[in-house]
Amino acid sequence: NAGVMQNPRHLVRRRGQEARLRCSPMKGHSHVYWYRQLPEEGLKFMVYLQKENIIDESGMPKERFSAEFPKEGPSILRIQQVVRGDSAAYFCASSQRGQQETQYFGPGTRLLVL
Amino acid sequence: AQKVTQAQTEISVVEKEDVTLDCVYETRDTTYYLFWYKQPPSGELVFLIRRNSFDEQNEISGRYSWNFQKSTSSFNFTITASQVVDSAVYFCALSEANSGGYQKVTFGTGTKLQVIP
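Chains Y and Z supply the protein sequences, listed in that same order. Following the numbering used here, the numbering of the first sequence begins with 41 at its first residue and continues without gaps. Following the numbering used here, the numbering of the second sequence begins with 0 at its first residue and continues without gaps.
Please note that a few of the clues may not be correct.
Per label pair, the in silico range of CB-to-CB distance [stated by the list, open to error]:
hint, chain 1, residue 1, chain 2, residue 2, range
1, Z, Gln82, Y, Arg55, 38 to 48 Å
2, Z, Ser52, Y, Lys67, 22 to 32 Å
3, Y, Thr142, Z, Pro40, 17 to 27 Å
4, Y, Gln136, Z, Pro39, 34 to 44 Å
5, Z, Asn66, Y, Glu58, 14 to 24 Å
Stretches of chain Y that chain Z covers, calculated by requiring three or more beta carbons in the stretch to come under 8 Å of a beta carbon on chain Z [stated by the list, open to error]:
hint, segment
6, 82-89
7, 141-154
Note that these hints are calculated values from the structure, not bench results. We put the CB at the ideal spot given by N, CA and C, even for glycine.
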């Protein structure tokens, strides 16, 4: 009964590189959410996806960030040309359905940009 | 817009003391959900409880209890007889169902609890 899986758990990138964060939802869950936690802060919503669809990306920075949830495989959060301010913990959550469902969180990916 | 306020940034208690973590929320919706999550030093987020806006019954789970009061828009969390393993950051969160039928969760800034042996 695996929970939400995220990999890698830790990722170090130099400025200008790309970061790819993966999230496999819980079995039976088709709704995925990404959140970002800056140091000493709470989590902030970034994007909500269902299979092959981005439903709400209102929390995503307009540039350099993108997300996908393909029909097969994990959800990917991609950050291009990373900057030091992207250093944060990125959490993925999944739910069985969107409405009235508790979101269960993965362990997070801690991104450090040097 | 929804908002969650956790005014206590850090709390220290001695083991076996009781401690209450405060949470005040703002929302315009009549239907919403409140959550508490625990984030231990290892960093993962552990779901503790979900409460919907129509259920104001207090809940007790072992040493944990929650007091939901709509009149004051508060959802406080009490740990009885605290233990060192309770040391963590605790987040209160709120979600509203929107026209798309999904929930966007808004988190408070967290309260760091340190239980001293």
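Evaluated hints:
Taken as a hint, the range 38 to 48 Å holds for the pair Z/Gln82 and Y/Arg55, whose Cβ atoms sit roughly 43 Å apart. As the Cβ distance of Z/Ser52 to Y/Lys67 is approximately 29 Å, the hint placing it in 22 to 32 Å holds. Checking the proposed 17 to 27 Å range against Y/Thr142 and Z/Pro40 shows it holds: the Cβ atoms sit about 24 Å from each other. For the pair Y/Gln136 and Z/Pro39, the supplied restraint of 34 to 44 Å is violated, since their beta-carbon distance comes to about 25 Å.
At roughly 46 Å, the beta carbons of Z/Asn66 and Y/Glu58 sit outside the given window of 14 to 24 Å. Residues of the segment 82-89 of chain Y with a Cβ under 8 Å from some Cβ of chain Z number 5, which satisfies the need for three, so the listed coverage holds. Under the rule that three or more residues need a Cβ within less than 8 Å of chain Z, the assignment of the segment 141-154 of chain Y holds, with 9 such residues.
The structure shown violates the earlier hints numbered 4, 5.
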